[in-house]
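Participant: Residue strings, one per chain:
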Amino acid sequence: MTALLHGAADWWSLFAHFLMLSLLSIGGAISTTPEMHRFLVEQQHWMSDEQFSASIAIAQAAPGPNLLFVAVLGWGVAGVLGMAVTMLGILLPSTTLTLAAARWGETRRETRGVQAFVNGMAPLTVGLVLSSGWVLGAPARTAWPLALLALATVAVCVRTKVSPLWLIAAGGIVGAFVA
Amino acid sequence: MPSPPDAPHSVLDDESPRQPRSPAELFRVFNRLALQGFGGVLPIAQRELVERERWLTREQFVELLSVAQVLPGPNVVNLSLMFGDRAFGWRGGLAALGGMIAAPLLVVIALAALYTRFASHPVVAGALRGMGAVAAGLIFATGLKLIPALRRSALGLAPALACAAATFVAIGLLRVPLVAVLAVLGGGSCAWAWRRLAR
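Chains as they are written, first to last, in our numbering: chain A, 1 to 179; chain B, 1 to 199.
Same shape as in the complex, but just chain A:
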């Protein structure tokens, strides 16, 4: 698998590219997928179009943060080492910046500026969570059994304390037979 990367220059360019993408990943790593696709598939030819799409689908079917699609991409390009390089690249800049910003904000919690920021941003956060649900539900709106499934999930989740795991399992079973 490592035959795709030739020498230190290729490894460095893979690492450097993900370092840069990390700083651009406002709203999550998933928002940088167009740029990742351009680099890995179109520019470097390190993976095929199908492989790229499948990597994202796999990460979404698996538990854990969506960010893990970056690990699958790295794995696809260069195995375990590729995974380590892409994950370190995507995590280092954003985590460092987050820690610094969080500490800076924590010491100024009661200042008018920080209060204006957290109060001003809270409604956007709620709106963004609703938007993610809506956008991810787009495939479900093309088939009524899936749309019904998504609607029922919203109702059950808001009204009861049933574990989401059961709902996911139910979704898998219904989907296997109906969709």
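Worth double-checking, as some hints may not be accurate.
Result set (SDA-like, lysine to any residue): computed pairs, CA atoms no more than 25 Å apart in a straight line [unchecked claim]:
| no. | chain 1 | residue 1 | chain 2 | residue 2 |
| --- | --- | --- | --- | --- |
| 1 | B | 145 | A | 44 |
| 2 | A | 161 | B | 195 |
| 3 | A | 161 | B | 51 |
| 4 | A | 161 | B | 174 |
| 5 | B | 145 | A | 138 |
| 6 | B | 145 | A | 148 |
| 7 | B | 145 | A | 159 |
| 8 | B | 145 | A | 156 |
| 9 | B | 145 | A | 135 |
| 10 | B | 145 | A | 134 |
| 11 | A | 161 | B | 151 |
| 12 | B | 145 | A | 47 |
| 13 | A | 161 | B | 57 |
| 14 | B | 145 | A | 152 |
| 15 | B | 145 | A | 147 |
| 16 | B | 145 | A | 38 |
| 17 | A | 161 | B | 32 |
| 18 | A | 161 | B | 197 |
| 19 | A | 161 | A | 145 |
| 20 | B | 145 | A | 162 |
| 21 | B | 145 | A | 30 |
| 22 | A | 161 | B | 144 |
| 23 | A | 161 | B | 60 |
| 24 | A | 161 | B | 18 |
| 25 | B | 145 | A | 155 |
| 26 | A | 161 | B | 35 |
| 27 | A | 161 | B | 118 |
| 28 | B | 145 | A | 165 |
| 29 | B | 145 | A | 139 |
| 30 | B | 145 | A | 160 |
| 31 | B | 145 | A | 43 |
| 32 | A | 161 | B | 28 |
| 33 | B | 145 | A | 151 |
| 34 | A | 161 | B | 175 |
| 35 | B | 145 | A | 166 |
Among chain A residues calculated to face chain B with C-beta under 10 Å, some are [stated by the list, open to error]:
| no. | residue |
| --- | --- |
| 36 | 24 |
| 37 | 122 |
| 38 | 178 |
Just so you know, these hints were derived from the structure itself, not from any lab.
Since the model is a prediction, treat every value here as computed from it, not as a measurement.
Here a beta-carbon is modelled for each residue, glycine too, at the ideal position from N, C-alpha and C.
Based on these hints, arrange chain B on the given structure of chain A.
Facilitator: Relative to chain A, chain B alone:
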């Protein structure tokens, strides 16, 4: 640190009712919530941190998420890092982040190895679509559950709700790029909060 299990949460007291006891506990809880997070960890994070462990109030959860949102990096990853750092410094941050990522990483690689063989099977494809629909519903429901956190907003309830609705229309329906929405709506909203906080 012993704390009364069900201490009533005063509106004046913005401290969360409970605290994690050690970085090891942080690792365990974030590991548990990450491994339950199919199609997105956010709904589980809200459920585990706010409803089950009660380490955060709903308002504190929205606040952390707001900060996580505007910084680069995945929201739940930033959220775990900031929460862990607040509790135990960088060791806590690493523990929460490690818990969030380590085990799911192994699962996802195992799945990647399996996927190539079974992806085209219609039952597998159908099951994945069904799970995707439920995952979308879970995230939408989480958004609905967070709306009450806006009740105490310095913006005032009606402007805060209007701003949340405008964000949904812009991002969810019109697909305006996030950075533009953060700059225009976010900037306006923060400026409005700044003015109101002067009183």
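Participant: Decide, hint by hint, whether the structure agrees.
Facilitator: For each hint, the structure was consulted:
no., hint, verdict
1, 145/B x 44/A, "44 Å, violated"
2, 161/A x 195/B, "39 Å, violated"
3, 161/A x 51/B, "9 Å, holds"
4, 161/A x 174/B, "32 Å, violated"
5, 145/B x 138/A, "21 Å, holds"
6, 145/B x 148/A, "20 Å, holds"
7, 145/B x 159/A, "10 Å, holds"
8, 145/B x 156/A, "12 Å, holds"
9, 145/B x 135/A, "18 Å, holds"
10, 145/B x 134/A, "15 Å, holds"
11, 161/A x 151/B, "22 Å, holds"
12, 145/B x 47/A, "40 Å, violated"
13, 161/A x 57/B, "17 Å, holds"
14, 145/B x 152/A, "15 Å, holds"
15, 145/B x 147/A, "20 Å, holds"
16, 145/B x 38/A, "37 Å, violated"
17, 161/A x 32/B, "17 Å, holds"
18, 161/A x 197/B, "36 Å, violated"
19, 161/A x 145/A, "23 Å, holds"
20, 145/B x 162/A, "14 Å, holds"
21, 145/B x 30/A, "24 Å, holds"
22, 161/A x 144/B, "14 Å, holds"
23, 161/A x 60/B, "21 Å, holds"
24, 161/A x 18/B, "20 Å, holds"
25, 145/B x 155/A, "11 Å, holds"
26, 161/A x 35/B, "18 Å, holds"
27, 161/A x 118/B, "33 Å, violated"
28, 145/B x 165/A, "18 Å, holds"
29, 145/B x 139/A, "23 Å, holds"
30, 145/B x 160/A, "12 Å, holds"
31, 145/B x 43/A, "43 Å, violated"
32, 161/A x 28/B, "21 Å, holds"
33, 145/B x 151/A, "15 Å, holds"
34, 161/A x 175/B, "32 Å, violated"
35, 145/B x 166/A, "19 Å, holds"
36, 24, "7 Å, holds"
37, 122, "5 Å, holds"
38, 178, "7 Å, holds"
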